[in-house]
Amino acid sequence: MRSDMRSNGQGNSPGSFLCDCGLKLSIVFPLLFVFYASAIYLDLSYQYVLAWGLVAILWIASRFQAIQEPPGRIFILLLGAFVSLRYMVFRATETLIYTGFLDFSLMALLFLSECYGFAIHALGMFVNAWPLKREAAPLPPDPSRWPVVDVFIPTYNEPLDIVGITTIACTQMDYPREKLNIYILDDGGTLAKRNDPSPEKARAARNRHEQVRALADFLEVSYLTRDDNAHAKAGNINAALESTASGQGGRSPGDLVLILDCDHVPAKDFLRSTAGYFLQDPKLFLVQTPHFFINPDPVEKNLQTFQDHPGENEMFYGAVQYGLDSWNGTFFCGSAALLRRDLLVEAGGVAGDTITEDAETALGLHAKGYNSVYVGKPMICGLSPETFGDFILQRARWAQGMIQIFLLKNPLFVKGLKLPQRLCYLNSCFFWFFGGARFVFLTAPLAYLFFGMNVYNATLSQVLAYAVPHVFASMLVSDFLYGRVRHPFFSELYEAIQSVFLAPAVLSTLKSPRAPSFKVTPKGGDLTRDFMSPLAFPFYVLLVLYLLAFLSGAYRWVAHPLEHQGVLICGFWNGFNLIFVLASLGVVWQIGDQRGDHRIMTDEEALISPESSGVEIPVEMKDISLGGCRLQTRQKAPPKRGRIIELRAKDSLGNYHRFDADVAWTKRKGEGWELGCEFIIEDELTIYRIGSFVYGDSNRWVRYWEARRRHPVGTLKAFFYLLERGIVGAVRNAKGIYALSRSALKKCGTVVEGEVKKWCRIKAKTEIS
Amino acid sequence: MRMETTVVGNVLVIKPLDKTIDAASGKDFKEAVMDWVGKGHRLLVLDLANVDFVDSSGLGSVVSCLKALGSGGSMVVCGVQETVGSLFKLTRMNKVFKIFETQGEAVRALASATVS
Numbered sequence: 001m002r003s004d005m006r007s008n009g010q011g012n013s014p015g016s017f018l019c020d021c022g023l024k025l026s027i028v029f030p031l032l033f034v035f036y037a038s039a040i041y042l043d044l045s046y047q048y049v050l051a052w053g054l055v056a057i058l059w060i061a062s063r064f065q066a067i068q069e070p071p072g073r074i075f076i077l078l079l080g081a082f083v084s085l086r087y088m089v090f091r092a093t094e095t096l097i098y099t100g101f102l103d104f105s106l107m108a109l110l111f112l113s114e115c116y117g118f119a120i121h122a123l124g125m126f127v128n129a130w131p132l133k134r135e136a137a138p139l140p141p142d143p144s145r146w147p148v149v150d151v152f153i154p155t156y157n158e159p160l161d162i163v164g165i166t167t168i169a170c171t172q173m174d175y176p177r178e179k180l181n182i183y184i185l186d187d188g189g190t191l192a193k194r195n196d197p198s199p200e201k202a203r204a205a206r207n208r209h210e211q212v213r214a215l216a217d218f219l220e221v222s223y224l225t226r227d228d229n230a231h232a233k234a235g236n237i238n239a240a241l242e243s244t245a246s247g248q249g250g251r252s253p254g255d256l257v258l259i260l261d262c263d264h265v266p267a268k269d270f271l272r273s274t275a276g277y278f279l280q281d282p283k284l285f286l287v288q289t290p291h292f293f294i295n296p297d298p299v300e301k302n303l304q305t306f307q308d309h310p311g312e313n314e315m316f317y318g319a320v321q322y323g324l325d326s327w328n329g330t331f332f333c334g335s336a337a338l339l340r341r342d343l344l345v346e347a348g349g350v351a352g353d354t355i356t357e358d359a360e361t362a363l364g365l366h367a368k369g370y371n372s373v374y375v376g377k378p379m380i381c382g383l384s385p386e387t388f389g390d391f392i393l394q395r396a397r398w399a400q401g402m403i404q405i406f407l408l409k410n411p412l413f414v415k416g417l418k419l420p421q422r423l424c425y426l427n428s429c430f431f432w433f434f435g436g437a438r439f440v441f442l443t444a445p446l447a448y449l450f451f452g453m454n455v456y457n458a459t460l461s462q463v464l465a466y467a468v469p470h471v472f473a474s475m476l477v478s479d480f481l482y483g484r485v486r487h488p489f490f491s492e493l494y495e496a497i498q499s500v501f502l503a504p505a506v507l508s509t510l511k512s513p514r515a516p517s518f519k520v521t522p523k524g525g526d527l528t529r530d531f532m533s534p535l536a537f538p539f540y541v542l543l544v545l546y547l548l549a550f551l552s553g554a555y556r557w558v559a560h561p562l563e564h565q566g567v568l569i570c571g572f573w574n575g576f577n578l579i580f581v582l583a584s585l586g587v588v589w590q591i592g593d594q595r596g597d598h599r600i601m602t603d604e605e606a607l608i609s610p611e612s613s614g615v616e617i618p619v620e621m622k623d624i625s626l627g628g629c630r631l632q633t634r635q636k637a638p639p640k641r642g643r644i645i646e647l648r649a650k651d652s653l654g655n656y657h658r659f660d661a662d663v664a665w666t667k668r669k670g671e672g673w674e675l676g677c678e679f680i681i682e683d684e685l686t687i688y689r690i691g692s693f694v695y696g697d698s699n700r701w702v703r704y705w706e707a708r709r710r711h712p713v714g715t716l717k718a719f720f721y722l723l724e725r726g727i728v729g730a731v732r733n734a735k736g737i738y739a740l741s742r743s744a745l746k747k748c749g750t751v752v753e754g755e756v757k758k759w760c761r762i763k764a765k766t767e768i769s
Numbered sequence: 770m771r772m773e774t775t776v777v778g779n780v781l782v783i784k785p786l787d788k789t790i791d792a793a794s795g796k797d798f799k800e801a802v803m804d805w806v807g808k809g810h811r812l813l814v815l816d817l818a819n820v821d822f823v824d825s826s827g828l829g830s831v832v833s834c835l836k837a838l839g840s841g842g843s844m845v846v847c848g849v850q851e852t853v854g855s856l857f858k859l860t861r862m863n864k865v866f867k868i869f870e871t872q873g874e875a876v877r878a879l880a881s882a883t884v885s
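From first to last, the protein sequence lines stand for chains A and B.
Under this note's numbering, the letters of the first sequence match residues 1 to 769, in that order.
Under this note's numbering, the letters of the second sequence match residues 770 to 885, in that order.
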């Protein structure tokens with residue numbers, strides 16, 4: 001199968017490469033050697049030399065560009081695996097000592113968490129060993145040979161303008177309109193909802209039904225709803241697959257189905273860049289593309305890291321998916337994906353046994369022997385959850401769903417998958433146990449600092465000979481694999497922030513695998529004021545515990561002179577954890593903003609002409625939204641505020657755009673000026689033209705991602721950056737609490753004052769009478 | 770297209786009685802409005818209380834009436850139902866037309882704008 005794909009010009013994959021070149025054995029032998037050599041006992045002084053020597057080689061070797069590609073890449077991974085495996089063997093054979101039931105239980109828990117960490121690290125290395133960057137698969141010149149595409153936009157309760165913009169963008173895709181059937185799948189206006197026993201809910205559902213239907217009519221696309229809301233989004237898509245099986249309104253049904261979350265706005269080139277793969281491979285069921293987010297998630301927003309650092313999902317879409325693709329293991333991510341209709345129908349539609357129906361569906365189709373493709377160019381633009389609560393809700397769903405797959409459809413045992421695919425899915429499911437492991441890492445040093453429990457039996461020398469090189473090697477390997485798309489410590493930060501909430505969610509799923517139900521991730525919420533997330537409390541508890549642990553550690557240092565090494569190790573560990581909690585406090589203090597439309601940062605040339613001036617002024621467009629844009633000019637005397645200008649631009653696809661805009665504000669910047677412009681709405685079609693310009697050009701999103709990935713950050717710099725962000729975030733949080741307390745006290749004072757005055761008045765009246 | 774018209778001072782209130790403004794009725798609407806504009810009415814209130822759907826062409830007709838009035842006239846909208854309101858919001862027509870809840874508010878706003 002892999003050879004077939006390669007012959008179709010789809011690039012190299014490890015499967016085919018290994019088979020074709022006979023490299024399988026040459027990788028198996030070093031791997032066996034790594035296993036063998038990891039178990040060889042060495043005197044501590046030799047271990048020092050070996051471990052630190054290998055870390056040094058790893059550090060130097062990973063700098064060379066030539067080693068980025070296989071087989072050099074495999075060498076780096078094996079080297080890292082060797083250092084880490086020696087540590088794990090040391091941990092298993094020399095540190096697990098029974099010193100009491102409670103001590104041993106916690107020690108075992110910590111060890112299991114470390115085993116988990118090592119396993120997920122090793123699986124990550126495997127998945128990302130041989131990333132596959134595919135060549136484009138252009139459609140044939142004759143459009144009559146292009147497949148018919150049904151676009152499904154499932155919606156539940158999202159604001160109508162969000163659904164509307166996505167639908168408008170679908171109508172603007174560069175694809176023959178007669179081969180494009182666009183459907184809004186409205187689960188907010190189902191028959192069951194319109195007949196809800198609560199009159200208020202029923203009225204709201206009827207209103208929504210009418211409004212979404214009117215929207216669909218207005219945009220000249222089809223509206224679909226169903227009787228009930230069974231199986232949530234999966235059920236909604238399956239109902240649409242059934243009702244459009246013979247096409248609608250005399251049109252042919254789609255050969256392919258494009259599934260878009262209702263806030264995922266497609267660029268013009270989406271179908272032109274993806275549909276061609278289906279013509280090359282009849283067994284292809286999926287082309288998945290990245291989810292590009294226009295707005296920061298709550299972590300990026302509240303720690304203000306959005307502009308300088310790759311987004312959280314870029315590690316997945318910018319590295320891991322390429323790795324999964326190389327093993328034919330790319331999975332469906334619920335949106336921004338094109339699927340072959342007949343294969344989807346053959347599989348019984350979108351699966352619904354778990355709440356991550358997308359990954360479950362892909363697992364089923366991979367098991368049937370069908371193929372997937374990952375195209376790494378971002379071609380949809382969507383919205384991240386905006387509040388910390390919504391973010392956790394989304395992650396808890398992903399965690400619970402992937403663990404449901406692990407329990408109910410364990411990829412190790414599903415029939416039909418190839419071994420690499422099993423490992424890919426295992427990696428994707430197993431990853432979500434991080435909540436438990438990270439929680440153990442966050443709390444383990446407390447057990448020693450407070451109660452002197454021996455959760456980690458090793459001397460400082462052993463830690464320096466085994467543990468620290470392992471940590472360094474893991475970080476070097478992670479940096480090697482993901483450095484461009486994930487800066488050091490950001491994975492740990494995200495895990496730490498989520499772990500407090502995901503650990504219980506995962507435990508509840510382990511207890512009742514079929515209990516979790518699908519909850520829609522809220523998008524486009526209102527956040528005009530700063531506020532404290534209701535989920536903040538656990539981080540304050542951790543902060544207090546960490547600070548008290550330092551005091552307890554200081555006492556232990558003085559009172560138990562023989563325990564200096566233990567206090568030092570756990571104190572350092574506790575300090576490291578404290579940074580994450582400080583950053584978490586910054587995250588839970590939600591920053592409000594007064595924005596209208598979400599802006600996309602850009603850097604492109606344009607021309608402006610002030611109204612009836614006949615002059616053309618070159619400008620750089622710095623950001624753009626549906627409402628307007630920010631421009632920069634070197635002109636000494638730019639158009640003044642209130643002046644109408646004509647803006648002319650050309651996108652990277654060669655389309656010309658022209659808009660009238662109002663200069664809303666001007667600001668001196670360097671030698672020139674910055675202008676804030678608002679687009680003038682001329683008529684009912686202006687929004688189509690604006691939408692087409694703002695969301696049509698996917699290369700703008702590519703440039704944006706590349707700009708954020710341009711400057712990989714070293715470990716030390718990343719550490720201090722995180723420390724600085726943590727302190728700034730925690731101070732902002734403290735100031736927020738101070739302001740809240742002041743206003744509460746003031747309110748309380750006013751109430752008391754009012755009551756006192758009232759009492760005085762009553763008393764005076766009584767005295768007079 | 771059936772329409773009810775009322776003259777309040779120098780303001781003409783136009784109230785479509787049909788539920789829909791589409792390509793066909795939009796054309797009638799535009800012709801009728803042009804007729805009134807030709808008769809000297811420059812301040813118009815469009816009361817959409819009865820209208821529950823406007824398609825793209827219908828909305829286009831309404832916009833072209835506004836354009837035809839030019840800088841010497843004005844047209845505001847009132848009584849917009851939720852379905853039509855969401856279409857106005859999506860197409861940003863709320864930036865093109867001033868929208869009022871009731872006919873009275875719309876008439877007063879137009880009249881006072883003329884006085885000032």
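Honestly, I wouldn't trust all of these hints.
Said to hold, decoys possible - Listed next, the in silico SDA-like pairs over lysine to any residue satisfying Cα-Cα at most 20 Å (straight line):
| id | chain 1 | residue 1 | chain 2 | residue 2 |
| --- | --- | --- | --- | --- |
| 1 | B | Lys799 | A | Glu210 |
| 2 | B | Lys858 | A | Thr171 |
| 3 | B | Lys864 | A | Glu646 |
| 4 | B | Lys858 | A | Lys368 |
| 5 | B | Lys836 | A | Gly596 |
| 6 | B | Lys864 | A | Gly691 |
| 7 | B | Lys864 | A | Gly596 |
| 8 | B | Lys858 | A | Glu220 |
| 9 | A | Lys368 | A | Asp227 |
| 10 | B | Lys858 | A | Glu158 |
| 11 | B | Lys788 | A | Arg213 |
| 12 | B | Lys864 | A | Val221 |
| 13 | B | Lys858 | A | Glu646 |
| 14 | B | Lys858 | A | Leu626 |
| 15 | B | Lys788 | A | Gly596 |
| 16 | B | Lys788 | B | Val777 |
| 17 | B | Lys858 | A | Glu682 |
| 18 | B | Lys858 | A | Asp281 |
| 19 | B | Lys836 | A | Thr686 |
No wet-lab data here; the hints were simulated from the structure.
Structure-based check of all given hints:
no., hint, verdict
1, B:Lys799 to A:Glu210, "26 Å, violated"
2, B:Lys858 to A:Thr171, "19 Å, holds"
3, B:Lys864 to A:Glu646, "18 Å, holds"
4, B:Lys858 to A:Lys368, "46 Å, violated"
5, B:Lys836 to A:Gly596, "27 Å, violated"
6, B:Lys864 to A:Gly691, "16 Å, holds"
7, B:Lys864 to A:Gly596, "13 Å, holds"
8, B:Lys858 to A:Glu220, "17 Å, holds"
9, A:Lys368 to A:Asp227, "31 Å, violated"
10, B:Lys858 to A:Glu158, "15 Å, holds"
11, B:Lys788 to A:Arg213, "15 Å, holds"
12, B:Lys864 to A:Val221, "25 Å, violated"
13, B:Lys858 to A:Glu646, "24 Å, violated"
14, B:Lys858 to A:Leu626, "12 Å, holds"
15, B:Lys788 to A:Gly596, "32 Å, violated"
16, B:Lys788 to B:Val777, "24 Å, violated"
17, B:Lys858 to A:Glu682, "14 Å, holds"
18, B:Lys858 to A:Asp281, "43 Å, violated"
19, B:Lys836 to A:Thr686, "14 Å, holds"
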